[in-house]
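Asker: Chains as they are written, first to last, in the working numbering: chain A, 1137 to 1249; chain P, 12 to 125.
Hints listed in this document are in silico derivations from the structure and should not be mistaken for laboratory results.
In this text the structure is predicted, and so the values were computed from the model without any measurement.
Every residue gets a Cβ at the ideal spot worked out from N, C-alpha and C, and that includes glycine.
Heads up, a few of these hints could be off.
As the list claims (entries may be wrong) - Which stretches of chain A does chain P cover? Using the computed rule of at least three CB atoms under 8 Å from a CB of chain P, they are:
id	region
1	1179-1190
2	1238-1249
To be verified - One side only, chain P facing chain A, incomplete, derived with CB under 10 Å:
id	residue
3	V15
4	P19
5	Y30
6	Y44
7	S53
8	L54
9	H92
10	D103
11	K112
12	L113
13	G116
14	R120
15	T122
16	I123
Each chain, letter by letter, is given below.
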Amino acid sequence: DTEVTQTPKHLVMGMTNKKSLKCEQHMGHRAMYWYKQKAKKPPELMFVYSYEKLSINESVPSRFSPECPNSSLLNLHLHALQPEDSALYLCASSPTGFGTEAFFGQGTRLTVV
Amino acid sequence: ELKVEQNPLFLSMQEGKNYTIYCNYSTTSDRLYWYRQDPGKSLESLFVLLSNGAVKQEGRLMASLDTKARLSTLHITAAVHDLSATYFCAVDMSYVIGNEKLTFGTGTRLTIIP
């Protein structure tokens, strides 16, 4: 299994809603990432988990809350989002998180209304 | 702060032609990756370059890394339509476990014209 699986693929939510994005990999990777990508822009790193511990938080607003329940799962909890948070959210994983390539999931297209 | 710049940002080329995309970065690193992204899709890993002078080839694409010049190139040979996509380079500054981080370049949107 060489896939990173993200659910849902599409999500529309209101500004008062609470929702979660999910990411799963079974490649034994010990680093997992959340990236945000706006249209026609490169991906921007949000969070990194290394060995199930949050190692990097790129000054992301608290309305985004990551969670890593175990080495295979990564969640992103969303609350009180703004329309400008609409974007493609990409999950990725890498074998050791040190000098190795990241494998990306298909992404969740999020629209905040 | 690491800056990663690609040029050109947009490239329209005819089938059968050759061209090169450039990726410059501002801080010393000896690990660089190239990714492809189709519209509305995720990123597909193309090349992993892990040392100065590294050269990798896959089909009509060839990537190289010059760490002294802080430059990577992605060369396209005899372009075909299905190479149309956005190409990103990404620089790896994670020399310490727990500090994993990829910084992406600005992207090059490539359009191959029949």
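Asker: Each hint needs a verdict: does it hold in this structure or not?
Answerer: Do the hints match the structure? See the list:
1. 1179-1190: Satisfied; 7 residues make the cut.
2. 1238-1249: holds (count 7)
3. V15: It holds, given that the least Cβ distance between V15 (chain P) and chain A is near 8 Å, below 10 Å.
4. P19: violated (14 Å)
5. Y30: violated (20 Å)
6. Y44: holds (5 Å)
7. S53: With a closest approach of 5 Å, the S53 (chain P) hint holds.
8. L54: Holds, about 4 Å.
9. H92: violated (21 Å)
10. D103: Since the shortest Cβ distance to chain A is 6 Å, the answer is holds.
11. K112: Cβ of K112 (chain P) sits 6 Å from chain A, so the hint holds.
12. L113: Hint holds; L113 (chain P) Cβ to chain A Cβ min 6 Å, cut 10 Å.
13. G116: holds (6 Å)
14. R120: Status holds, d = 8 Å.
15. T122: violated (14 Å)
16. I123: With Cβ-Cβ at 19 Å, over 10 Å, it is violated.
Hints 4, 5, 9, 15 and 16 from the list above are not met by this structure, while the remaining hints are.
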